[in-house]
Amino acid sequence: MIMKYGGVYIPNLANDGKYGIGQYRFPRNYELNGKSFTIEADGKTYDLAFTCRERAQLDGKACDYESLKLEKDTYFVRLGQDIAVINVEQCLATLILGDTFVYGAFKGPDGKLPAARHARAGDDMTDTKIRWVLGPNKYVNQEYIGGAKVRTAWSKNTVMIGNGMKSFRDNWEAAAEDYDDLPYTAVKITEPMYLVEIKGGVREGVCAPKGTNRIVTLQDYERMMLVGCVFGEGFEPVMITGYAKFLD
Amino acid sequence: MNLKDYPRRFYAIDQFCQPPCYELIGQSFRFIMDGGYDYELKITGKETCQWNKVGEEPENANYDCRKADDTTYLLNYDLVKTLNTPKRVNHLYVIDMEQRLVTMVRCYIGDNPKFPLLVRSEYDFGAIEAEGKELPFKRHCFTGDMMGTTVEWHWNTEMWTQHFYNSPAYYRITWPQDSSATQNIGGNFEVLPASDEISQYVKIKDNMYLYCLTEEMMERIMGDKSPFRSNNMIFLQNYDRMYHCGRTFGSVTHDGKTMPCRVNFGSFGNPVRLDPEWMTAENPFTV
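Protein chains in written order, with the working numbering: chain A, 116 to 363; chain B, 79 to 365.
Only chain A is shown next, with the shape it has when bound in the complex (with noise of 0.2 Å):
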């Protein structure tokens, strides 16, 4: 046995994390170096190349990539401060650049073209209730409302388990009051995985970091996990990942 009598120090591995929202964010996956994609979409064609590890081409620009791997066949990509969806067994990918959704296809192994296309998901999300968790203690809850709005509410700022918790989750019921109603686009991946792009700021004293004003995620909902990214002024874009609680 280890546990003593007299002040010994047990260490414990188990810790809130030094990563932020980011905490839970999966391995960088590496599967699409070396790859390339001629992406069609609304008769305009980009290419995008995958140089190495860390470096991309989007239409001969480079710049820094980060691949996170949510589903078998399906990653999601930050090149720089533009996205892609891209899942290798529909050949399909949706690129957020900037303000523009691109929904385009690239060829598959019998060189066709498919003719289907990524979509607005409507009113899929509608009515659904859940909070992401991202970290020990890191969480954001998001209630879709209608007229394409989210209402949105981060956990409060380090609340550590010395302070006499037994367990983390004693304080998830103490929700975070304050919330915003922030606009949101959602596009349609596969059943039922969802592209999910919310702009807006954050509250003070809440876990994501001061100036945040986008947040992109691929919400899986067979799963229940998230991978995405949260953009903001003031900071490198954080890659997070995340596991689901309902609600309701």
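Just so you know, the hints here were simulated from the structure itself, not pulled from any lab data. A few of these clues could be false.
Stated by the list, open to error - Short derived list, chain A residues pointing at chain B, Cβ under 8 Å:
1. N127
2. L128
3. N130
4. K187
5. M240
6. D242
7. V248
8. P251
9. E337
10. Y358
11. A359
12. K360
13. F361
14. D363
All residues carry an ideal CB built from backbone N, CA and C; glycine is no exception.
Here the structure of chain A is known, so what remains is to put chain B in place on it, guided by the hints.
Structure of chain B alone, referenced to chain A:
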């Protein structure tokens, strides 16, 4: 639509499992093992590989691979010639590309004449051969680093369990009443004198450990009264990120039939305070 109502299937420990990793496709490895027999592994496809002891003919297998950090892979396969027999064998590797080290765990079912479903594990440490480079001297190793760790693991949206790594050879598990573990797995543990189970702990690198448990006490005491028959669960735990990935290798009895239990799993963790009286209770299985 409230996506809570989406008709997802029932999940146990596999809901929060990371997707499979295909990064190693096309790569070949020669593992120089301290046990005296070296191994070669060639990843030929998304699910296919070839393996052999050096000097023997390659054998095909279907593998699974996940990552615990950017450069560390957990890969395992069952030996094809042992499938559908009472003596199944599983090979598992931790391929550590950062340090050029490998840990191999060979698991065997069917060795014990009194308990034919018990899983026996062999641990072998080694290094990854690289052309033009000397083999590293260091190795992954058995460790006591994890002693004292209490951690809550979230396996799916409704099930979380709490582990206490209290001994170099055992661990202890519990769960709060509001976890679905109470209904899903609690029944078996109520019959056992304690939840302690046989464990081994291997250090891969700082804040990363290969944690191996075999539900041997459950099999010895409960036998076919429990659906899970000596499940061997191997976790690659990343305490820098507070998550793990892993696999089961064992058997499950359902409606009188015993079948292989092979599940890939993953979970997210957070620290937890546990009842000191429970933590310091004696292990009834040891002197």
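Results of checking the hints against the structure:
no. : hint : in the structure
1   : N127 : holds, 5 Å
2   : L128 : holds, 4 Å
3   : N130 : holds, 6 Å
4   : K187 : holds, 5 Å
5   : M240 : holds, 6 Å
6   : D242 : holds, 4 Å
7   : V248 : holds, 7 Å
8   : P251 : holds, 4 Å
9   : E337 : holds, 5 Å
10  : Y358 : holds, 5 Å
11  : A359 : holds, 6 Å
12  : K360 : holds, 6 Å
13  : F361 : holds, 5 Å
14  : D363 : holds, 7 Å
Hint compliance for this structure: no hint is broken.
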